[in-house]
Amino acid sequence: MRRAAISVTMLCMASVATVGHAASPATSYTADPSASRLDFIGIQAGAEFKGSFHRFTAAIDFAPDALASSHFDVQIDLNSLDTMDNDRDTTMRGPDIFDIAHFSASRYVTRSFTKTPTGYSAAGTLTLHGVTKDVPIDFVFVSTPGGAKLEGTAKLNRLEFGVGQGDWKSTEQVKDLVKVAFSLMLKPRSLSE
Amino acid sequence: MPTQESRTRFTAMAQLLHWLIAALIVTQFALGWTAVDLPLGTHKLALFARHKSFGMTVLMLTIVRVVWRWANPPPELPAGMTPLERTLARATHLAFYALLFAMPITGWLMSSAKKYSVSWFGLFTWPDLIAQNKTAFEALKTTHDYLSDVLLVIAVLHILAALKHHFLNKDDVFLRMLPFTKSKRGP
Chain A
1 MRRAAISVTM
11 LCMASVATVG
21 HAASPATSYT
31 ADPSASRLDF
41 IGIQAGAEFK
51 GSFHRFTAAI
61 DFAPDALASS
71 HFDVQIDLNS
81 LDTMDNDRDT
91 TMRGPDIFDI
101 AHFSASRYVT
111 RSFTKTPTGY
121 SAAGTLTLHG
131 VTKDVPIDFV
141 FVSTPGGAKL
151 EGTAKLNRLE
161 FGVGQGDWKS
171 TEQVKDLVKV
181 AFSLMLKPRS
191 LSE
Chain B
1 MPTQESRTRF
11 TAMAQLLHWL
21 IAALIVTQFA
31 LGWTAVDLPL
41 GTHKLALFAR
51 HKSFGMTVLM
61 LTIVRVVWRW
71 ANPPPELPAG
81 MTPLERTLAR
91 ATHLAFYALL
101 FAMPITGWLM
111 SSAKKYSVSW
121 FGLFTWPDLI
131 AQNKTAFEAL
141 KTTHDYLSDV
151 LLVIAVLHIL
161 AALKHHFLNK
171 DDVFLRMLPF
181 TKSKRGP
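Chains as they are written, first to last, in the numbering used here: chain A, 1 to 193; chain B, 1 to 187.
Just chain A, with the same shape it has in the complex (with noise of 0.2 angstroms):
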């Protein structure tokens, strides 16, 4: 009886297990801020410069064997900027570069998703200062015991999106290019909403 019990048992666990598997759909998670980055590099008189923004929500559903069903969705409150120099975060919050008074935030919401050598490709659309356009990212997602870590990196031309006008548009000072870099510690979405 009691041998019994313990085959179906085993029964039933191997069954969840296979059809979890075949049917898995993407993990909801969502960021946790304390733990998470979200950074930019600038080119600006030659050297490198690295800005934060420190308030962002991101909506991650994923799952390695379900990238069909996965997606994210990050929005980023440009106020949030920070350069380490309050000179600098003024200027960049000002009308010739993020014009945060008529576009405070951010969008990035991915397409679709494919497999790499090294992690994963997404390709999805950035939304900035009114402007979106495609911008790829890549990365690397590796499941921890609380959930999940997402790092990755992006590059974009900061004036596709018209961020710098007038002088802020010669690429002299500050190059065109931007590279973003982010880590994002994941939770399960059930567990904190």
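The set of hints was computed from the structure by calculation and includes no laboratory data.
It should be emphasised that the depicted structure is a prediction, and the values quoted were computed from it without experimental measurement.
Built from N, CA and C at the ideal position, the CB exists for glycine as well.
Some hints here could point you the wrong way.
Claimed, not checked - A short, non-exhaustive set of chain B residues, derived as facing chain A with CB atoms under 8 angstroms:
id, residue
1, W33
2, T34
3, L40
4, G41
5, T42
6, A46
7, F48
8, A49
9, R86
10, A89
11, K114
12, S117
13, V118
14, Q132
Dock chain B against chain A, hints included.
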């Protein structure tokens, strides 16, 4: 190098370094004074980028200069100078060398503290010396400004002294640093 020549005149290398650094310092004052009052914009960034590149050039040339001076001691001061004049001359030159190091280094520290890293003509970036720190930046800026005033005073003294040696004492102190001339005026 003929030893006779290097005892009465500065070497060609010492002359080159002297005049190159002098020209850079004049440029540095022009760039610094112009840029400091501009609002943060591309023009200010451009001027300060040049100011920083020239400043780091001064630092590197000064290191070369000190090594060169150590290996090729300068000619003796004229015999007619009083002990006080000798002390003044040595003190002025020592202050000059100290400032040639202190100005670029305080500038480099300022850029580090404000997170505006120093590029050398866009070719490479010097590492930040200290972490971002607003208080340190303000203190360093005050120091850099103050030292630039001291440098200006020392430079004026230096030029006046050179002219005094040339026109009043009629010795070769000025000529021996001047390229394409011959020091024939005796000691």
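(request) Return the numbers of the hints above that this structure violates; sort them in rising order. (result) The structure conflicts with hints 1, 2, 9, 10, although it agrees with all the remaining ones.
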